[in-house]
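Undergrad: Protein sequences appear in the order of chains A and B.
Heads up: take any position in the first sequence, counting from 1, add 17, and you land on the working numbering.
Heads up: take any position in the second sequence, counting from 1, add 121, and you land on the working numbering.
If you are wondering where the hints come from, they were derived from the structure by calculation, not from laboratory data.
As the structure is a computational prediction, the values presented were derived from the model and not from experiment.
One thing to keep in mind: the hints can contain errors.
As the list claims (entries may be wrong) - From the derived model, a few chain B residues whose C-beta atoms are all more than 10 Å from chain A: (1) M272; (2) G305; (3) Q680; (4) G709; (5) Q724.
Claimed, not checked - Footprint (simulated), chain B over chain A, 3 or more residues, beta carbon under 8 Å: (6) 30 to 37; (7) 50 to 58; (8) 83 to 90; (9) 95 to 109; (10) 115 to 124.
Backbone N, C-alpha and C define an ideal beta-carbon position, used for all residues, glycine too.
These are the residues of each chain, in order.
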Amino acid sequence: MKRILTFDMIEKSVVQDKNFLGTIVSYSVIFAIFLNLNSFQSPLIGLMAFVIYFVINAVFLGNAFFEKENTFFRLMFGVLLLIMLLGFVGWLVMIIYNLDVSRFTLVLVISTTLSSWLNRRMKHRNATE
Amino acid sequence: MPLNNQRSIRLLRISEILYLSLAVLSFYLLIASRAGEAHTVWEVLNPGFIPTLFVTTFLLLEILFTSEKTTQKLCFIIIYSILIHSLFSIIIPAGDLSGQQMVLGQTRRVFDNTILHGLSGWPTATVQTFILEMFEGINLQAALTTIFARMFGVDILYVHLFYIPVLWGAFVPIASFLTSRAIGGSEKASVLSSLLVSAFPYAVYFGAISVPNSLGFIFFFYSLYFMLRHLTSNDSKAAFWMLAFSFFSFLAHFLTGIMSFSLLFLTTALREFENEKEHSTTSARILLMVTFIICASLLPLSFIYLRLLGTSTNPVFTLDKLYELPPSEIVGQFFLGELLYGFDLKTVILVIIGPSFALLYLIYLLLKIKRNSSAKFQTRIYFLFAAFLIMLIDYGILKLFMEGLPINEERLWVFRDFIAVPFVALAVSAVFSSVKGFLKARFTSRITVASLKTLSRGGVLQVFSLLLTLNVLIPGLLGVWIAFSLTAAYPQVAPLQTTWYELEAVKFIEKNTTEKYVVIGDIWTIFAGEVIVGIQNPDAYYFRENDKTGHDLFVNMKQNPSPQWMIQAMNYTDTTVAYFIITEPRVGTEEYNNVVSKALENQQLRVVGTFGDGKLYVFSYEKA
Numbered sequence: 018m019k020r021i022l023t024f025d026m027i028e029k030s031v032v033q034d035k036n037f038l039g040t041i042v043s044y045s046v047i048f049a050i051f052l053n054l055n056s057f058q059s060p061l062i063g064l065m066a067f068v069i070y071f072v073i074n075a076v077f078l079g080n081a082f083f084e085k086e087n088t089f090f091r092l093m094f095g096v097l098l099l100i101m102l103l104g105f106v107g108w109l110v111m112i113i114y115n116l117d118v119s120r121f122t123l124v125l126v127i128s129t130t131l132s133s134w135l136n137r138r139m140k141h142r143n144a145t146e
Numbered sequence: 122m123p124l125n126n127q128r129s130i131r132l133l134r135i136s137e138i139l140y141l142s143l144a145v146l147s148f149y150l151l152i153a154s155r156a157g158e159a160h161t162v163w164e165v166l167n168p169g170f171i172p173t174l175f176v177t178t179f180l181l182l183e184i185l186f187t188s189e190k191t192t193q194k195l196c197f198i199i200i201y202s203i204l205i206h207s208l209f210s211i212i213i214p215a216g217d218l219s220g221q222q223m224v225l226g227q228t229r230r231v232f233d234n235t236i237l238h239g240l241s242g243w244p245t246a247t248v249q250t251f252i253l254e255m256f257e258g259i260n261l262q263a264a265l266t267t268i269f270a271r272m273f274g275v276d277i278l279y280v281h282l283f284y285i286p287v288l289w290g291a292f293v294p295i296a297s298f299l300t301s302r303a304i305g306g307s308e309k310a311s312v313l314s315s316l317l318v319s320a321f322p323y324a325v326y327f328g329a330i331s332v333p334n335s336l337g338f339i340f341f342f343y344s345l346y347f348m349l350r351h352l353t354s355n356d357s358k359a360a361f362w363m364l365a366f367s368f369f370s371f372l373a374h375f376l377t378g379i380m381s382f383s384l385l386f387l388t389t390a391l392r393e394f395e396n397e398k399e400h401s402t403t404s405a406r407i408l409l410m411v412t413f414i415i416c417a418s419l420l421p422l423s424f425i426y427l428r429l430l431g432t433s434t435n436p437v438f439t440l441d442k443l444y445e446l447p448p449s450e451i452v453g454q455f456f457l458g459e460l461l462y463g464f465d466l467k468t469v470i471l472v473i474i475g476p477s478f479a480l481l482y483l484i485y486l487l488l489k490i491k492r493n494s495s496a497k498f499q500t501r502i503y504f505l506f507a508a509f510l511i512m513l514i515d516y517g518i519l520k521l522f523m524e525g526l527p528i529n530e531e532r533l534w535v536f537r538d539f540i541a542v543p544f545v546a547l548a549v550s551a552v553f554s555s556v557k558g559f560l561k562a563r564f565t566s567r568i569t570v571a572s573l574k575t576l577s578r579g580g581v582l583q584v585f586s587l588l589l590t591l592n593v594l595i596p597g598l599l600g601v602w603i604a605f606s607l608t609a610a611y612p613q614v615a616p617l618q619t620t621w622y623e624l625e626a627v628k629f630i631e632k633n634t635t636e637k638y639v640v641i642g643d644i645w646t647i648f649a650g651e652v653i654v655g656i657q658n659p660d661a662y663y664f665r666e667n668d669k670t671g672h673d674l675f676v677n678m679k680q681n682p683s684p685q686w687m688i689q690a691m692n693y694t695d696t697t698v699a700y701f702i703i704t705e706p707r708v709g710t711e712e713y714n715n716v717v718s719k720a721l722e723n724q725q726l727r728v729v730g731t732f733g734d735g736k737l738y739v740f741s742y743e744k745a
């Protein structure tokens, strides 16, 4: 039977983060963004990378903190939290020095690491509750 | 599946496809209206847009009253919300003039790495200045837009123009939905509330411009929702998110932060009151009253404390307005504020109708709660009523008892509107339910042509009028309200927005100059410069809007176009090329012709180019 890829399935596999797959994809996307900024400067690549980055990390955060909400609200809260996280880390890095391409990449790496860590930590906590 | 059910689902799908098509058409009409020279969006807006928007709104409302999934309805509302907040960004090439362009001008310094340690830079005059400026909302906004622009790999202008309309369009309706649900609204009423935010002109305006305050309003709305949750639950997560969103609303903008924190105190006090009132009602009430006064005074006092940290404005308490203004104007200012001057009656009505309606329904709910003390959600409704009063009191204090404020007092109306929206939705929903209830009670069986034949003429008329009210009148009225609110949200009168030829001139200079340069121009040229190269960029220097030196140099150039002022500008900014820009619509034809002919006579000045069919001249002078 033909299997249809739904958002729930994507969400489930991202949240499980088996062998850090979601986290690794997220890091790869950051690398792609870095490459795009330095070489191609293509908005199309940027848009695709943006969507993948946001879906993975928003799912991480949404599931970590709003597990009981339904898929739509979980995703929306996840996106909002990711924006807050990116804004806060970016703000800190900017105050400490600046937000050039390498430090911007650092912001993305920190945000992904935190999101992935929070997803794992809260998953365990939610499972034991 | 029953045949009727199948038919209604098919009808629903057709309505949804039609709605989406109309939404796409509306976006297309906005793009088609894009103009390089306009004062307001209304001047160039395609005449088909408002009728299309009305039909789109009507269809959306029809969908909202069906049994479609809530998440689907919210997705439709998000599309709609993004649409109505994008008028400036789509129609005007550089977005709304002034405020958001100034923010972009500053943000470019971060994007271009021409400044270190945030927009205040380092070192500053004092450490406290650095701390104060570190928490200025523009820093968070600059960081966010820079991150988004780098992620997409596009220029910051496009991200800056669209990021608030998109964030507002996506998150404010959801916050409104959640808030309405938190005070007992049904799914349908809550979904309606997420659409009705678009009927409040001030909320629409702030959702359409990319300024730090707008970002702060979004976080404020979420902090309000988590406060409601925290009021009646012991869930530590609600408390955490209430604090987190309050902190972010502070980080985004001082005004929204202070409002969040004052309501946060109120939340804590109300929780304490609920616990204490069993033991000692009097002391609990006194404590609550004192907290209410503190919460209401937090915002006005914070402006005074800001002065201690060395802000540019000098806010003070004063009784001057009370002495100077006639009583009628004092009352008018308290209720209508800036609407008292120069706004037509339609705009005034559109701005106040929502909050007034909400206040009436809120009072009705309070009376209902008083009769039934065990009513659900009563603490949350009391809280929102108190918050509504705080907004009114604060607005009154700021408007009538203070001067020298760094912000426009009317910004407080957005908070008031956020609190009002859920109550308007509950009221509309209550009317809708009573009509529906009456219809069901009067005619129990399913209404068909055959069953209508059994009714008297009066009965048939009654059925038709009730069905008309439910399916046409209520959605139609709401549709008209939302569509008309848009005319009050986007200004009807404004100075000429940044034109395409001003942008072209700035781009041309930037593209064709290899050395460091400075541009002498009027404030409108500075706005255009902010959009393309940023403000006080050491390589492409445009003076700040309020820089006296820049202003004086422009005035001198107008009176006597000579290299003398350009050399001064170059020495002042450590640059080697100076440009002078003069634009006809900004200074008037007579003055423009006069300045241009004088400049052309001067052999030392070189004409770099003319733009906009001769409406703009660029002259240059290079250091020897």
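Undergrad: Each hint needs a verdict: does it hold in this structure or not?
TA: Each hint tested on the structure:
The non-interface label for M272 (chain B) is inconsistent with chain A: the shortest C-beta to C-beta separation is roughly 5 Å, within 10 Å. With a cut of 10 Å on Cβ distances, G305 (chain B) stays outside the contact zone with chain A, its closest approach being about 18 Å. The Cβ of Q680 (chain B) lies farther than 10 Å from every Cβ of chain A, with a closest approach of about 41 Å, so its non-interface assignment holds. Remark: the non-interface label on G709 (chain B) is consistent with the geometry, its nearest Cβ contact in chain A lying 41 Å away (cut-off 10 Å).
The non-interface label for Q724 (chain B) is consistent with chain A: the shortest C-beta to C-beta separation is roughly 43 Å, beyond 10 Å. Requiring three or more residues with a Cβ within less than 8 Å of a Cβ of chain B, the coverage given for the stretch 30 to 37 of chain A is violated, as only 0 such residues are present. Against chain B, the stretch 50 to 58 of chain A contributes 5 residues with a C-beta closer than 8 Å to a partner C-beta. That satisfies the three-residue criterion, and the hint holds. Closer than 8 Å: that is the beta-carbon criterion, and the stretch 83 to 90 of chain A has 4 residues meeting it against chain B, so the requirement of 3 holds.
Evaluation of the coverage hint for the stretch 95 to 109 of chain A: fulfilled, as 9 residues show C-beta separations to chain B shorter than 8 Å, against a requirement of three. Remark: the stretch 115 to 124 of chain A is confirmed as covered by chain B, as 6 of its residues place a Cβ nearer than 8 Å to a Cβ of that chain, reaching the required three.
In summary, the structure is inconsistent with hints 1 and 6 from the numbered list given earlier, while agreeing with the others.
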